[in-house]
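Participant: These protein sequences, in sequence, are chains A and B.
Everything in the first sequence is counted per our numbering, starting at 1390 for the first residue and increasing by one.
Everything in the second sequence is counted per our numbering, starting at 59 for the first residue and increasing by one.
Source of the hints: derived by calculation from the structure; they are not laboratory data.
Any given hint could be a false lead.
What the hints assert, rightly or not - Straight-line Cα separation of at most 25 Å, DSS-like style, residue types lysine-lysine; simulated pairs:
| id | chain 1 | residue 1 | chain 2 | residue 2 |
| --- | --- | --- | --- | --- |
| 1 | B | K140 | A | K1408 |
| 2 | A | K1418 | B | K140 |
| 3 | B | K141 | A | K1408 |
| 4 | A | K1408 | A | K1418 |
To be verified - Okay, the calculated bits of chain B under chain A, using three or more residues with CB under 8 Å as the criterion:
| id | region |
| --- | --- |
| 5 | 86 to 96 |
| 6 | 111 to 123 |
| 7 | 131 to 143 |
| 8 | 155 to 165 |
| 9 | 171 to 180 |
| 10 | 189 to 195 |
| 11 | 207 to 218 |
Since the structure is predicted, the reported quantities are computational estimates derived from the model, not experimental observations.
Quick reminder that beta carbons are idealized off the backbone N, C-alpha and C, glycines included.
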Amino acid sequence: MVTLVAAGYGLTRHRSVAKTHQALTVARKSLFGMLPTFVAVFGLVGLFQVFVPPSMVERWLGAGGGPFSLLVGATVGSVAAGPPAGAFPIAGSLIQAGAWMPAVAAFIVSWVLVGVVSLPFEGRVFGWRYALTRNGISFLFAMLIGLAMGWLV
Amino acid sequence: MSPAEERKAAPRRLGPSWVLQALRREVLLVAVAGLYLWAFVVDRDGAGRALASGGRVFLSVVLIIVSVFGILGLFQVWVDKKKVAARLGERAGLGTIILGAAFGTVLVGPVYVIFPLLFAIRAHGARWAVVTAILTAWAVKIPMVPLEVQFLGWRFALARTMLTFIGAVVMGFLVEWLMNVGSQRVPPARANLVDAAPGRQDQPVKGEPGATRIIHRRLECGGTPRAAGQHGEQLTGTDRFALRASP
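This is chain A alone, in the form it adopts within the complex (with noise of 0.2 Å):
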């Protein structure tokens, strides 16, 4: 995976050097300011495997809930704010403990696309009528993209 990363680098420094240099700089900005909240997400991925019981995974996203755990995946992740690099390792645990799939992948793609947090900023910027319409059809996306992952994973 490194080895692909900067052969990519490689290839694109044949092309301009100074480019090059601006990626790795927006690279290696990102990556510190990042850095925190990654310390974060994997420090709660701990705790959530030693704390959060499997049994209690199992009652709130497990199969057995049906469209009631997909409707936790997809709420909670709606309110659950962070960069969707943070989803990724908390719905593997999420996975690990018992949850059922289609109720994590509703948890990722709403983490991502509805954001309560940011949605005072989306209604300034776009208008509120477009903010709640947008975030309210992603929010039933995001359950319904996690029912198609049933069929197809």
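Dock chain B against chain A, hints included.
Facilitator: Then chain B, alone, in the frame of chain A:
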């Protein structure tokens, strides 16, 4: 960023309340630290195990995280956002919406950069369907896929990426239809623009071309677009006005 620009940006960070600002920016970290503190009080052993297991997971993916950000940097620099944005603003059919969704998948950046960028695309005349498709496909996060594969497996990552992409196009039409149902309201784009510059633009702007004009002017105010664009932040002007639009 060049050293000169870095010096210019530095004083903003060193305000008197920078500690507070940092705390607010890293709410998640503070919350998790609080949880750990509580865990140490309640169950010292468990907290230690949690820390160790979190650290193990982190170490197992640290190389992937570094590469993800490497890809991110490449995309940021090599995808010409301005060119694509101009193309997306044209009168659009299904093709443009699909192109928008494709553009969204390689788009990287935080909300406060992406929203103003999309707003500028909208002001260039793009349909709601295109804006929505980009915004939805933005959730695909191609550079993040390696991380997803690591935690959730190939099949999961592939299926989610494909479904989100299809969902982006369908949602584009759906949201646009919902936006057009009912009365013909003032397009929010225009309303916000007039709010943004009350002193500069007294007369109501008629139609999208006017809105585009203001955006261009704003871009000029916000520094040379070319210089800013090199860092993938070409919309600092728009960004600023979008923030100013709120009282």
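Participant: Against each hint, give a clear statement of whether it holds in the structure.
Facilitator: Going down the list of hints, with the structure as the test:
The straight-line distance between the Cα atoms of K140 (chain B) and K1408 (chain A) is roughly 16 Å, inside the 25 Å bound, and the hint therefore holds. For a cut-off of 25 Å, the pair hint linking K1418 (chain A) to K140 (chain B) stands: about 22 Å separates their Cα positions. Taking the CA atoms of K141 (chain B) and K1408 (chain A), the gap is near 17 Å; set against the 25 Å cutoff, the hint holds. About 15 Å separates the Cα atoms of K1408 (chain A) and K1418 (chain A), which keeps this hinted pair within 25 Å; it holds.
As drawn, the region 86 to 96 of chain B meets chain A at 7 residues by the rule of a beta-carbon pair under 8 Å; at three or more, the given contact holds. Coverage of a stretch by a chain is defined here by at least three residues with a beta carbon nearer than 8 Å to that chain's beta carbons; for the region 111 to 123 of chain B and chain A the count is 9, and the condition holds. Given as covered by chain A, the region 131 to 143 of chain B passes the check, having 5 residues with a CB less than 8 Å from a CB of that chain where 3 are the minimum. A stretch counts as covered by a chain when three or more of its residues have a beta carbon under 8 Å from one of that chain; for the region 155 to 165 of chain B and chain A the count is 0, and the coverage is violated.
Residues of the region 171 to 180 of chain B with a Cβ under 8 Å from some Cβ of chain A number 5, which satisfies the need for three, so the listed coverage holds. Remark: the region 189 to 195 of chain B is confirmed as covered by chain A, as 4 of its residues place a Cβ nearer than 8 Å to a Cβ of that chain, reaching the required three. Taking a C-beta to C-beta cut-off of 8 Å, the region 207 to 218 of chain B contributes 7 residues in contact with chain A, enough for the three needed, and the coverage statement holds.
Hint compliance for this structure: hint 8 alone is broken.
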